[in-house]
Amino acid sequence: MQESDVTLLFRDLRGGRISRRQLLRKAGMLGLTVPTIAALLAACGSGSDSTQTASAGNTASTGATTPSGTSGSPVANGSPISMGDWKPRDVKVDLTGSGSSFVDPAMQLWVQQYKKLAPNVTINYQSVGSGQGKKDFISGVTDFAGTDAYMTDDELKQAPGSLHIPVVLGSVAITYNLSGVSKLQLSGPTLANIYLGKITTWNDGAIATDNPGASLPEAPITVVYRADGSGTSAIFTNFLSKVSDEWKSNVGFGTAVQWPVGIGGQQNPGVAAGVQQTPGAIGYVELAYATVNKLPEIAIKNATGAYVLPTLESTSAAAVGFINELPDDLRVFITNPPTGEQAYPITGFSWVLLRPSYDNEKTAQALTDFCYWAITAGQTVSKSLEYAPLPDPVRAIEIKKLERVQAGGTAVFQAPM
Amino acid sequence: MRTEIQTVSLRNRLGRQLQHGDLIFWIVALLFAVLVVVLLGAIIAVTWHGSSDARHAFGWHFLTTSAWNPVSGQFGALPAIYGTIVSSIIALLLAAPLGVMIAIFLNSLCPAKLRMPIGMMVELLAAIPSVVYGMWGIFVFIPFFRSYISTPLSKTVGSALPLFSGPVNVGRGLLVAGIILAIMILPTIAAISRDVLAVVPNSQREAMLALGATRWEVIRHAELPYARAGIVGGMMLGLGRALGETMAATMVIGNTPKIHASLFQPATTAASLIASQLPNANTELHSSALIYLALVLFLITLIANSIARALVWRVSRTGSGA
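Chains as they are written, first to last, in my numbering: chain X, 1 to 417; chain R, 1001 to 1322.
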């Protein structure tokens, strides 16, 4: 039954009858898993899809397009990165990586597309969770790691000089279940007070102040959070720590925290189900999950005072808004950026970790090429899966870092001019 | 001719020395038995070693404190232990009488035509993956439970009895988890009870019937006492499954490491806490505390099994068929 639905979707996409975004929605409704959708999209990689940017296979094989083909994204400052006729080095090597499950769908699609450009490079990425990914990387089991939480100072001591390369941007959408209220906006402190259990009903004065003119019911608020340790929780609690001193001192931030109130759901679907089934509930999920499943989203007040809904554009804008505060090693939470009126404040990087020096020259060459491709041409691929593209200024910093990777004392990567 | 005799005698001698295969079989069987011991030893060693940070930091207080704060590094296992034991006991209390009843019905009351299909259906319950139970719990059972059980109960009895007090709008909680677990362990208890009831010798039943006993009296005084040890064993196997169940429990229990007086409030179990937080632990101490919790869960299971052994032993010593 499902098989035939998938075939139908496949045909529609090939024939250009539906756009990628519509496909994602339909696939979400059919209950397809993200890897399946990724595989489906990859299979249609060369299909005609005029509403979106050119598919990655084409972009990369002609090698001509500027990777920042994301014309709508506010990536004004910083020079656009030109790839010229750059081609990855097709060395015969196996790369292994593990870690973040958040980046996994993008990673799998990248690996699939990259195989077409460099058939001899075999990349194996296992989605085992950021924490385990870092452990594997530190103990030397893997060549690279994917993580939603940057390495702590302790971890960095165990793997000195590890490079943090952001590969995608993610943001956390706040979803709710309140019949009759189709538009809702909240300021950071109000959101923190809801999650602290200090605001317990929807008609509370603080919520009313954020929503002038809206008629809010006297329903009790049920808080839903992620029960499993996750980067999504880390970004969300980091934002709350920045906007509320009480949250910072009483709860703090991390992949798992001691939640003052509420119930925990497993993964994004668990949280979403908890919210959808409980009238008056509020919860947080990854933006991609919220988009695909059409969950109602709350606009959040950013540091400039504007209420912004989470979108791919407002997520990229957050990284731009943080650009002056970015530390050299890129180990930072970019929540609540100080500037950027369009910036959605609950966003974060997802990094790939690289060693500063590899024993095997081929490994180093293939890895740097793959990372370079992922943060340039690969961004259109990941965007098709609802990951926000990295803005140019951030990519410029990352490319400098890739050029620092060495094998046997010599640098292995030189970005095309 | 001579060589033939020689070969035969050689084979005989070899055969005699190896006791015609007995020795080899003994060695192979011994190896498999030792393998289990080694495996268990390895698991204990790994959990013991992995939990050393947490054991040094918290010691025995781990078992009696109830803070679970991965950010500040305060860990206490009491809420998880409480949730594990209470949800399993609820499951056992619900599933044990039901399972035995099903077994009795299938064994001695059921029309022959229905015996096979009903028996198969009960056993099929055991083959359903736990994630499906969890899904069913979230989408079917919890809405039903909230409308027809928890809301009316909390509005009436709940105002006087904290065990059933609200608010119940979340739906997920300890009692729901207990009920889902009960459904999951039901086939284990029913199938084992049925098997042990089936081997009650007919002479026992006939003797009772000869004394003029009714059907109920035969079941009550001949079958059940004879099968007692096996039934208790089945219950304990079910309890073991409930204690260790991860997926279904974590999907419906609400995952809150706190102790509430009310059974309608969210809680957590040791297995679900470990499964959800271990892959992405904040710090080394966090993962160490989770492994310590695994050690505690191991201990709980060991204690439950010992109690089961003692029960079975006591029951069988009183004499079967008495």
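Keep in mind that the hints were calculated from the coordinates and are not lab data. No residue lacks a Cβ here, since even glycine has one placed at the ideal position from N, Cα and C. It is possible that some hints are incorrect.
Unchecked claim - The list that follows gives simulated cross-link-like pairs (lysine-lysine, BS3-like), each with its CA atoms no further than 25 angstroms apart:
{"hint": "1", "chain 1": "X", "residue 1": "K248", "chain 2": "X", "residue 2": "K183"}
{"hint": "2", "chain 1": "X", "residue 1": "K242", "chain 2": "X", "residue 2": "K301"}
{"hint": "3", "chain 1": "X", "residue 1": "K115", "chain 2": "X", "residue 2": "K301"}
{"hint": "4", "chain 1": "X", "residue 1": "K87", "chain 2": "X", "residue 2": "K301"}
{"hint": "5", "chain 1": "X", "residue 1": "K198", "chain 2": "R", "residue 2": "K1113"}
{"hint": "6", "chain 1": "X", "residue 1": "K248", "chain 2": "R", "residue 2": "K1258"}
Stated by the list, open to error - Here are a few chain X residues that sit away from chain R, every Cβ distance over 10 angstroms (derived from the structure):
{"hint": "7", "residue": "K87"}
{"hint": "8", "residue": "P88"}
{"hint": "9", "residue": "Q108"}
{"hint": "10", "residue": "K183"}
{"hint": "11", "residue": "S230"}
Taking the hints in turn, this is what the structure says about them:
Between K248(X) and K183(X), the direct Cα distance comes to roughly 28 angstroms. Violation of the 25 angstroms bound is thereby established for this hinted pair. For a cut-off of 25 angstroms, the pair hint linking K242(X) to K301(X) stands: about 13 angstroms separates their Cα positions. Pair hint K115(X) plus K301(X) does not hold up; C-alpha atoms about 42 angstroms apart against a cutoff of 25 angstroms. For a cut-off of 25 angstroms, the pair hint linking K87(X) to K301(X) is broken: about 43 angstroms separates their Cα positions.
Between the alpha carbons of K198(X) and K1113(R) the distance comes to roughly 62 angstroms, so the proposed pair goes past 25 angstroms and is violated. The hinted pair formed by K248(X) and K1258(R) meets the criterion: a straight-line CA distance of about 21 angstroms does not exceed 25 angstroms. Every C-beta of chain R lies more than 10 angstroms from that of K87(X), the closest at about 37 angstroms, which supports listing it as non-interface. Listed as a non-interface residue, P88(X) keeps its Cβ farther than 10 angstroms from every Cβ of chain R; the least gap is roughly 31 angstroms.
With a least CB separation of 18 angstroms from chain R, Q108(X) remains clear of the 10 angstroms interface cut-off, as annotated. Chain R leaves K183(X) outside its interface by the beta-carbon criterion, the shortest separation being 23 angstroms against a cut-off of 10 angstroms. A beta-carbon of chain R is positioned within 10 angstroms of the beta-carbon of S230(X); the least distance is around 6 angstroms.
Hint compliance for this structure: hints 1, 3, 4, 5, 11 are not met, and every other hint is.
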